[in-house]
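Undergrad: The residues making up each chain are set out below.
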Amino acid sequence: MAYVMLDGNMAAAEAIKLARVKVISAYPITPQSSVPEMLADFVNEGKMDAQYVRVESEHSALSVATTAAMAGSRAATATASNGLALMHEVLGMTAGNRVPIVMPVVNRGIAAPWTLWCEHGDSMCERDMGWLQFYSQNVQEILDLILMAYRVCEDARVLLPAMVCLDGFFLSHSMQKVDVPDQTLVDEFIGEFKNKNTYLDPNDPMFLCDLTGNEEYTEMRYQQKVALDAVPKVVEEVFAEFNKKFGRSYKIVEGYQTEDADAVLVALGSMCGTAKYVVNKMRKEGKKVGLVKVTMFRPFPLSHIKKAIGNAPVVGVFDRSTGLGSLGGPVWNEVAAAMRRSNCEIYPYIGGIGGRDVTVENLEGIFNELLDLKDGKKAENTTWFDLKGNPMEIRQVYQNV
Amino acid sequence: MYDIKHEAKGLVTHGNSACAGCGLELIMRKTMEVVGPDTIIVIPPGCAAMFSGFGKEGGLKIAGCQMNLENTAACASGIRAALNAQGNTHTTVLGFAGDGGTLDIGLQSLSGMFERGDRVMYVCYDNEAYMNTGVQGSSATPASASTTTTPGGKTSQKKDLMMIAMAHRIPYAATASLQNLNDLKKKLEKAKNANGPSLVHVHTPCPTGWRFNPALSIELARAAVRTGAWILYEYENGKITINNKLTELAEIDTYIGKQGRFKHLNAEQKTELGKQIKDNYFTYTSMLERMSIH
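Residue numbers (my numbering), protein chains in the order written: chain D, 1 to 401; chain G, 1001 to 1294.
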């Protein structure tokens, strides 16, 4: 065990090294680029014994990682934003072939307009592709969640891939003090990679992923659903074992000051750090607010969410993505469905997109609004809460209209 | 893993859903004869997917997977990387894709694989259109050929896969034809043993898409070579060998006259197409001779 200063991307690369990944496929995209750079250095300096495949696109990056794992080697790649969007159809291949890849996703919005900066729209677009999704609050969580995700994904009850999401720049480029575990302990924890059920091996040949008729397709998709249903239990076992071995405790969903709360906010990612600070500050002022931090969003942890929200009469859900065309953001939709038999009111909040900072003032404003809604002082919430005053005025072209 | 219900001679099932007279089926059988059981194959969706199988029934006795249409080369690279990581140098990794999956949507990942120098054997069966989806034109469809998306005849030329492969300086690339199976097998053997990426680009008569009598597949493969419409050559470590150096070409009608896809052309247009093919043969082969490192 050693404390070192790492940014989020360094922590992701360090975790991939600790997991003794044997095939790395690499394609750069801001703000992920330093992950493949660091992995290249590890391989070049002999710190990692791995094949480094410098591919020509993210589509190929995930293709290489997926078939490498099918052929018997632990494999990794990382991406962000439009890169993840380009991987879209391969994501289905990875999950459907039950390939347990762990992929850091450095959250960044998808064009247009172009943005380089943080939002969860990229990974949220892929939430129904059969992958697990974990969201990190800080740099330590990135490293720990990647290590734990390997255990979960490679468990015979699961055999599915996972994205470990980290907020672009807020985490990927933020240096924090990180406890990097000993290689020996990680080896004991993760173990050797071994294909289960599906594999490409000339000594025991099988053909994977042929055309499947409608008499079996539904059942094969159902098998994936059952595997996802098994995830929360496996994750809890792995979290407990991790805590025992490395002394850090994780929860699928963390309720923070929620027990007696009048208003709670559901959130994920790096903003949860700020949200906890705001909860502490407002509690000192006598305002009973709490935070529900969602670490695992896929599979959606229904019972954990319900338990964490408890009896709070008003609930705000903070989506760091737009959910365009929907009634609310993707997290709000799920929470609303989860709480449909409860008496609480659930309000959508959309903001912090394209790298816009989620400030103490933003979160305080949301909590105060939720309390006003509870007390009947307000009738409607402000979904797009961090809009500037003149949203329809910017970039207007007055020709041909 | 396979539960063999009917023992086949070789690695390909005896019964499969190929059309009568399918050129691809013969190419697959010859390829399997050369590569043998110590092979992992990647097949994209397309005509060759009938060898992936359907449901619980497979078409091949070797290990393999059917991935996306555009990533055959990348998926093969991933398998090779894993085998390298495991110290396995003996297993052949084979990409087996049609012209659409190779020259169109798969060209980027093919280029990536070539450029990296990954030891992958890649066979492109070129039936000159998207036959599995119902004969839509591809970049490999020859000029003037009619398809469902080029009903009046394609107005642009066929894309040159060999030149693209050679631009990557890969150790081995060749065109081949069903007109000479020994030549095809010899080329597949060289591709298998190449110390890096290799390509065998095989002209693939398709009775369904080209609209001809299924009994004539081999004859049409031969006619394509004799009329100069398909040029047989090899690129081996920088050296180019033209396998069918012809001084005189057969009448174009012996090739296009038997196919429905050229039926819309009038006599004058057929003569013009014949002239283009002839000119191209002599220009192209003399260019190859100048390009070759002797």
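Any given hint might turn out to be false.
As the list claims (entries may be wrong) - Cut-off 20 Å, straight-line C-alpha distance, at most; resulting in silico cross-link-like pairs (SDA-like, lysine to any residue):
#, chain 1, residue 1, chain 2, residue 2
1, D, K47, G, Y1002
2, G, K1056, D, N197
3, D, K244, D, E254
4, G, K1061, D, T198
5, D, K276, D, C209
6, G, K1056, D, Q223
7, G, K1056, D, E219
8, G, K1245, G, G1196
9, D, K287, D, N197
10, D, K196, G, A1085
11, G, K1061, D, K287
12, G, K1056, D, C209
13, G, K1009, D, D204
14, D, K47, D, S57
15, D, K281, D, K244
16, G, K1061, D, E219
17, G, K1061, D, D201
18, G, K1056, D, L211
19, D, K47, G, A1008
20, D, K194, G, K1009
21, D, K196, G, Q1086
22, G, K1061, D, C209
23, G, K1061, D, K194
24, G, K1056, D, G213
25, G, K1061, D, M206
26, G, K1056, D, R356
27, G, K1056, D, K47
28, D, K47, G, K1061
29, D, K196, G, Y1002
30, G, K1056, D, N280
As the list claims (entries may be wrong) - Calculated from the model, a selection of chain G residues having no Cβ within reach of chain D, i.e. all distances over 10 Å:
#, residue
31, G1010
32, I1062
33, C1065
34, E1070
35, N1071
36, A1073
37, Q1086
38, G1112
39, Q1136
40, M1166
No lab work stands behind these hints, which were simulated from the structure alone.
The C-beta atom is built at its ideal place from N, Cα and C for all residues, glycine as well.
Undergrad: Now look at each hint and say whether the structure bears it out.
TA: Evaluation of the provided hints:
1. D:K47 / G:Y1002: 40 Å, violated
2. G:K1056 / D:N197: 15 Å, holds
3. D:K244 / D:E254: Status holds; Cα separation ~19 Å.
4. G:K1061 / D:T198: Judged against 20 Å, a Cα distance of about 16 Å means the pair holds.
5. D:K276 / D:C209: Violated - the C-alpha atoms of D:C209 and D:K276 are around 46 Å apart, more than 20 Å.
6. G:K1056 / D:Q223: Given that 20 Å is the threshold and the Cα spacing comes to 16 Å, the pair holds.
7. G:K1056 / D:E219: 14 Å, holds
8. G:K1245 / G:G1196: Not satisfied, since the Cα-Cα distance of roughly 28 Å exceeds 20 Å.
9. D:K287 / D:N197: 53 Å, violated
10. D:K196 / G:A1085: With Cα atoms ~19 Å apart, D:K196 and G:A1085 stay inside 20 Å; holds.
11. G:K1061 / D:K287: 69 Å, violated
12. G:K1056 / D:C209: Holds: G:K1056 and D:C209 sit about 10 Å apart, inside 20 Å.
13. G:K1009 / D:D204: 19 Å, holds
14. D:K47 / D:S57: 26 Å, violated
15. D:K281 / D:K244: Given pair D:K281, D:K244 is violated - Cα atoms ~32 Å apart, limit 20 Å.
16. G:K1061 / D:E219: Given that 20 Å is the threshold and the Cα spacing comes to 25 Å, the pair is violated.
17. G:K1061 / D:D201: Measuring from Cα to Cα gives roughly 12 Å; hence the hint holds.
18. G:K1056 / D:L211: Holds, because 9 Å separates the two Cα atoms, which is no more than 20 Å.
19. D:K47 / G:A1008: Between D:K47 and G:A1008 the Cα gap is close to 48 Å, so the pair fails against 20 Å, i.e. violated.
20. D:K194 / G:K1009: 33 Å, violated
21. D:K196 / G:Q1086: Holds: D:K196 and G:Q1086 sit about 17 Å apart, inside 20 Å.
22. G:K1061 / D:C209: 15 Å, holds
23. G:K1061 / D:K194: 23 Å, violated
24. G:K1056 / D:G213: Since the Cα atoms of G:K1056 and D:G213 sit roughly 10 Å apart, the hinted pair holds (cutoff 20 Å).
25. G:K1061 / D:M206: 8 Å, holds
26. G:K1056 / D:R356: 51 Å, violated
27. G:K1056 / D:K47: 44 Å, violated
28. D:K47 / G:K1061: 39 Å, violated
29. D:K196 / G:Y1002: Between D:K196 and G:Y1002 the Cα gap is close to 16 Å, so the pair holds against 20 Å.
30. G:K1056 / D:N280: 59 Å, violated
31. G1010: 14 Å, holds
32. I1062: 5 Å, violated
33. C1065: Violated, since 4 Å does not exceed 10 Å.
34. E1070: For G:E1070, whose nearest Cβ neighbour in chain D is about 7 Å away, the distance does not exceed 10 Å, so it is violated.
35. N1071: Nearest chain D Cβ is 4 Å from G:N1071, so the label is violated.
36. A1073: 8 Å, violated
37. Q1086: 6 Å, violated
38. G1112: 4 Å, violated
39. Q1136: Holds, because the least Cβ-Cβ distance between G:Q1136 and chain D comes to about 19 Å, which exceeds 10 Å.
40. M1166: 18 Å, holds
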